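Number of protein chains: 4
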Amino acid sequence: MTHPNHPKPDLSRGRPYLAIPGPSVMPDRVLAAMHRAAPNIYAGALPDMVAQMWPDLRAVAGTAHHVAAYIGNGHAVWEAANTNLFSRGDTALVLATGRFGLSWAESARALGVTVEVMDFGKSSPMDLIRVQERLAADKGHVIKAVLTTHVDTASSIRTDIPALRAAITAAGHPALLAVDCIASFGCDEYRMDDWGVDVTVAASQKGLMTPPGMGFVWFSEEARQRCATSDLRTPYWDWRARAQPTEFWQYWDGTAPTHHLFGLREALTMILHEEGLENVWARHEALARSVWAAFQAWGTGHPRIGLNVADPAHRSRAVTAARLGAPDATRLRDWTEHQAGVTLGIGLGMAAMDDPEWHGYLRVAHMGHVNAHMTLGALAVMEAGMVALDIPHGPGALDAAVRAMILG
Amino acid sequence: MTHPNHPKPDLSRGRPYLAIPGPSVMPDRVLAAMHRAAPNIYAGALPDMVAQMWPDLRAVAGTAHHVAAYIGNGHAVWEAANTNLFSRGDTALVLATGRFGLSWAESARALGVTVEVMDFGKSSPMDLIRVQERLAADKGHVIKAVLTTHVDTASSIRTDIPALRAAITAAGHPALLAVDCIASFGCDEYRMDDWGVDVTVAASQKGLMTPPGMGFVWFSEEARQRCATSDLRTPYWDWRARAQPTEFWQYWDGTAPTHHLFGLREALTMILHEEGLENVWARHEALARSVWAAFQAWGTGHPRIGLNVADPAHRSRAVTAARLGAPDATRLRDWTEHQAGVTLGIGLGMAAMDDPEWHGYLRVAHMGHVNAHMTLGALAVMEAGMVALDIPHGPGALDAAVRAMILG
Amino acid sequence: MTHPNHPKPDLSRGRPYLAIPGPSVMPDRVLAAMHRAAPNIYAGALPDMVAQMWPDLRAVAGTAHHVAAYIGNGHAVWEAANTNLFSRGDTALVLATGRFGLSWAESARALGVTVEVMDFGKSSPMDLIRVQERLAADKGHVIKAVLTTHVDTASSIRTDIPALRAAITAAGHPALLAVDCIASFGCDEYRMDDWGVDVTVAASQKGLMTPPGMGFVWFSEEARQRCATSDLRTPYWDWRARAQPTEFWQYWDGTAPTHHLFGLREALTMILHEEGLENVWARHEALARSVWAAFQAWGTGHPRIGLNVADPAHRSRAVTAARLGAPDATRLRDWTEHQAGVTLGIGLGMAAMDDPEWHGYLRVAHMGHVNAHMTLGALAVMEAGMVALDIPHGPGALDAAVRAMILG
Amino acid sequence: MTHPNHPKPDLSRGRPYLAIPGPSVMPDRVLAAMHRAAPNIYAGALPDMVAQMWPDLRAVAGTAHHVAAYIGNGHAVWEAANTNLFSRGDTALVLATGRFGLSWAESARALGVTVEVMDFGKSSPMDLIRVQERLAADKGHVIKAVLTTHVDTASSIRTDIPALRAAITAAGHPALLAVDCIASFGCDEYRMDDWGVDVTVAASQKGLMTPPGMGFVWFSEEARQRCATSDLRTPYWDWRARAQPTEFWQYWDGTAPTHHLFGLREALTMILHEEGLENVWARHEALARSVWAAFQAWGTGHPRIGLNVADPAHRSRAVTAARLGAPDATRLRDWTEHQAGVTLGIGLGMAAMDDPEWHGYLRVAHMGHVNAHMTLGALAVMEAGMVALDIPHGPGALDAAVRAMILG
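Residue numbers (this note's numbering), protein chains in the order written: chain A, 1 to 408; chain B, 1 to 408; chain C, 1 to 408; chain D, 1 to 408.
Hints were generated in silico from the structure; no laboratory data involved. Some hints here could point you the wrong way.
In this list, chains with the same sequence are indistinguishable; a pair is considered to hold if it fits within one copy or across any two.
[Claimed, not checked] Taking lysine to any residue and the SDA-like style, the derived pairs with C-alpha atoms no more than 25 Å apart in a straight line are: (1) Lys144 - Arg134; (2) Lys8 - Leu272; (3) Lys139 - Ile129; (4) Lys144 - Ala64; (5) Lys8 - Gly62; (6) Lys144 - Met49; (7) Lys144 - Asp231; (8) Lys139 - Met118; (9) Lys144 - Gly196; (10) Lys144 - Ala110; (11) Lys8 - Pro245; (12) Lys144 - Leu128; (13) Lys144 - Glu116; (14) Lys8 - Met270; (15) Lys144 - Ala166.
Computed from a predicted model, the values in this text were never measured in an experiment.
In isolation and in its complexed conformation, chain A is listed as follows (with noise of 0.2 Å):
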């Protein structure tokens, strides 16, 4: 208090931290390597270099199969997977745990494809029996394949894979098995071929710590020879040359998207080489975990703030879905945004955008390029936002994030 009139100070000027869901903080080593001049896209030093790439990105996936690129978003990857696996008219199950499994669905569906949704609510897991049970009763097999998300990056709600690839078994059902990893990837455990996965999609902007616009999708032998026969195929979205391109210009399409393609080089190697996907997993376990205790720290006493995932099993470890009853949701995003640097993401499908409910829901991004000062600063922004709005809160959320963080 020793300068008793000086204006009240502005506590965000300073480096802003991203915390939504995407797109994530980006490495300055991956903005570095795209701020470059253009390459030759016939020889040289890019040709060269994504050669050497699809290997890592086969590794990252956790797959020995095909991987082919796309210059395009979530939405891209979901299309390109969509016409590769379906002719007009089959069937599709869905199983939904939020929002993007939803709009998955709606894009399947707006292809003509045949699409049955067992949606699950939007903070429940999914109830692997009752998926058990409508495999055994499609003895006609006219479900192709069964889509979901590993992490609805709206709900946060992660799925159990190998759960789900069994209980597709143990229903002696032959679909395919297509995963959505856009939220999940490089942040949340993922092993496509032990878990007997298909089809897996995600994309640049996440867990692979790149801007937005390059998508990806992983397909095992059967899926690549499924798109033979599939009328939906178009010819930018075909997987099969860019999988097993003759010309380079077949890994894109026609002109390759040369300056993502170099970030994309730097993130892979920081993940694959120099820290190892296994640590990446356990470091955002670790970062997801100081996220949970501080929340219910806060909500202990005050029942309006809370997680919306029960269960930690079922929780992403690359973001936190969350309640603070409105508005407080939408108050304290404004201030830790315009006060302290740190942008959280909107709550997004848990109420209609212009029901007054809507400003009671926010998610905590921790995917990518997070360590523990950045997660633990963002909790501590938070704290201090609750503080400085008066929003009635438990005690000691941040020492029980450190030592969650910390002690696990």
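Assemble the complex: chain A is given as a structure, and chains B, C and D must be docked to it using the hints.
Just chains B, C and D now, with coordinates in the frame of chain A:
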């Protein structure tokens, strides 16, 4: 000769100049604008900026109608145009003057469109009388749209679009006119509405001076209505919500290409608000004249050397295809790249890659962020290469290039 | 604990935070402004920009008088001040509250100045009564100037400059007052003219948020006149032409530090024209309070832990020196850097480097481009490190830090 | 002439080329290396990197002896050399072949050194017979050191340093030889130890391809010992601890120029470990030949146009001073910068700035990161400017330049 024992110097050590027909040289300002932290995609600077860019995107194409943007490359916008315009079984008439026109035809055919190609070869403009006759013969108006290139990137032939529209009109045919401006956009004069074009496609990496990764489709009101009944339309390619979004994410059907957008903003400012679009065209005209004059001089008395397009009226102002005779084109390209810092474009589509004649062709790009220094320097380096490699050529090319550029 | 077999994660993988007392964190905008082609130094944007920067440089120091800029660091501007102020054999009175005050004394002595040091130790503010007495005793006014630090970067002691000036005045002594603001500039409140300071020295790499490489000397009209007779003056250090150049090159006595200037321009705009200088001071005040509160809590019941400066009135708002007891300061610094992404400053001048006690001190910087997220995150990481390393400490530090920052 | 109504184009829109004799063009890699977060200056990557740079700094000067680095420009290293070499009243013999030699003399004189200048004018190499006679006449060895420029940046005269050393030896004089290599360093062949040089000064912004802000002084063992008794020596300029530091901060007497060091590291790697120093010299030789050939052609029949230095043996390979006759040099510089993207250097020291003759001189730099494309392009643009401005000139300059570069 004061250092007789010095090794032969590598005269490429300095800033390399990439003179291939895309990606083109990116302005420092564009690269700098892309070197930034990931932005919030729900509120703030990015959505504000995008709203202000759409009018500029329309202006640069010369249309008051619609524009849809895609994360994608040139092949992506071909597919976007095809799927919005056609239903399976519809007929398209493709007018080809080089490899890229033929590829667009392939792209449509693979989607299930019935494609009729009028192929005018690799070195000649299209014969508009034949086009008019063909359309007049289509009494039943089976042909739904005419597809062509403004400039074919491979042949550097420029099509007289107003004359083509006049031919369609003279034939009394209602076909829509769709034009691929990928190579010419922001280089060669183009006036979509004035010229009666229904669909224009272009991408970011040539005249728009932004890294590969974004494509654009401009379309007339009539083309927009066509989309409603096109059964090839997919959720991702559907141009309607992209052109008239009610929520920000619809501009891109999902996550926006955040970093590219900051780069594109800078490029559009340079083109429209600083230099001025007509000045941009005039600059490309002057630079092209200098390249043409050099080849004319080199070819004098040496008929192996020459421009691909005889008539200046049908030459692109963005790229120039030429022949040097095999294997001298390849020898010269190797020398300029490795000894002098200039990467020239390969010849494309003039001969098969395994045909020795393939090594007789090259292309010089003069598209986008290119000035007198860059273009004259490239020509001087080509002269130097011919001297170093003992490639016989006519004299006075550089003086001719200088005079053609300055005096017209 | 859901992944029991995961390796212990490296929680530093993310954006590192450098919390040493200089160089400080550079804003992205400053680094981006420096990433540019070399400019013409004779005409154009650079000379225009520099002419407009000098008023801003005066404003940030609170003076209407003179400023000279140097390519150099803090030691350079010490020498610049010394050589402009003194002739060989002149006497300087140096008031030291830490290692840097003593170093400035050494710097003057090595030039041939007779230096008298009043050393107030490493943890206490100066005793102004003793200063006044000393000056009053100098009846012959042998002392030409009083040299001191506003903040000594090593001890983080802040000197009450207005009170010091009052003491000089009370002693009726004509000595000039020269103040080293290297650590405090742009962080702690400072008003050169209002406070009666004759010479101020600072450098680019702390509160000015620009990479090391530029130093500045502000000087009063009386100090300017002193220069005319100073026989230590050299052509490079002479501040006269630099402050009032007739040709552009004289600003820097030769080639300008082109890239740094573009960075500094951005930093001055942020400080003066966007945030506002008083707001910058208030922000640092709030951040400092949070750091102090944390140490107070950690030290409660654990007297090994504590702030170096007992009285908040004498603490810097830019940097905080503290002790943890050897070797825990070094252990903690190692942990925060390698396990959590925060690099803290070493203790400087509190013990010899080969004394085991050296490992008992550290410094936390909160200078320049620093916000609530960065500072609270650093404190949370320190708490995490104490937990991980079993360093005994008082509870509630993070809550105390949050409340001190927000509630004052 | 297909667009008769187009405005006259601005042919400078593209990447500008700065062809002034410093700062030179910075490689993208150097700028990228500087675009990074501030590093720790006490431990880690920076101290490790610096330790490995000092051998490279010695290698690039051709010495096995000492190097001291300074945050500063060319004037700073003049002062560093002066203060380490001289005591007040010592005598220096300055051999001047242009404005910068004269300025170094001024710099020494202002420090209290007795300076004797032998001024050989602005267009002629020094007369070594006169130098030898002058030294031989100094029987008492009053002259402590001979100061001269390897290349005077203003006149572009290159001094034959081995011959100068031979003249000193022949005179039997013990004076130390100090050489300003600011303009020539990393461009013109230079071998400090082989040539018997005692002190070499250079800076970062020319052949070292790094932004202005760092200077270097290399010195022999004899020069090092001289320093011990030099009473002009100051703490900041003292080269001893900088060359043989016991703590990291002593390399720079305080905070290191962190960002510049990362840039310099990249530049040294390019010069020494990628291209090779002799290849760098050979490249500059070839580029210089092309510039000379162009001026020779332009001047044929037009004696107003010509090179400043008649004998190629005495011309710099880094910069070429020339005359065009007033006001055509200024007219041409304006045209090339604003119409074609090439900024040429002003004439310096050939006429007073208020003399109309001043507008008759210019300089073309070809130093540092410069290749065939950049230099030939600059010459072509000069030809274009002469055509556009109707400046009479001889024909065939570009062909001559190409042949001189390639054929020698």
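### Query
At most 25 Å between C-alpha atoms: does Lys8 with Leu272 qualify within a copy, between copies, both, or neither?
between (46 Å within a copy, 16 Å between copies)
### Query
Quick one: Lys144 to Ala166, C-alpha cut-off 25 Å, is that within a copy, between copies, both, or neither?
within (17 Å within a copy, 50 Å between copies)
### Task
Up to 25 Å between alpha-carbons, please classify Lys144 paired with Ala64: within, between, both or neither.
For Lys144 and Ala64, the Cα distance is within 25 Å only inside one copy (23 Å; across copies 45 Å).
### Task
State whether the alpha carbon distance between Lys144 and Gly196 is at most 25 Å within one copy, between copies, both, or neither.
within (16 Å within a copy, 46 Å between copies)
#### Entry: 25 Å Cα threshold - placement of Met49 relative to Lys144
neither (37 Å within a copy, 43 Å between copies)
### Message
Regarding Lys139 and Ile129, is the shortest C-alpha distance of 25 Å or less found within a copy, between copies, in both, or in neither?
### Response
This pair counts as within: shortest intra-copy Cα distance 17 Å, inter-copy 62 Å.
### Task
Please work out whether the CA atoms of Lys144 and Arg134 approach to 25 Å or closer within one copy, between two copies, in both situations, or in neither?
Within one copy only: 13 Å inside a chain, 45 Å across chains, cut-off 25 Å.
### Task
Tell me, please, which holds for Lys8 and Gly62 at an alpha-carbon limit of 25 Å: within, between, both or neither?
Between. Shortest inter-copy distance 21 Å satisfies the 25 Å Cα cut-off; intra-copy 51 Å does not.
### Task
Check Lys144 against Asp231 for me: Cα-Cα at most 25 Å, and say if that holds within a copy, between copies, both or neither.
both (14 Å within a copy, 22 Å between copies)
### Task
Pop the pair Lys144 and Ala110 into one bin, within, between, both or neither, using alpha-carbon distances up to 25 Å.
both (17 Å within a copy, 24 Å between copies)
### Task
Check Lys8 against Met270 for me: Cα-Cα at most 25 Å, and say if that holds within a copy, between copies, both or neither.
Intra 41 Å, inter 17 Å, cutoff 25 Å: inter-copy only.
### Query
Under a CA distance limit of 25 Å, which applies to Lys144 and Glu116: within one copy, between copies, both, or neither?
The answer is within: 11 Å in one copy meets 25 Å, while 36 Å across copies does not.
Checked against the numbered hints given earlier, the structure breaks hints 6 and 11 and satisfies all the rest.
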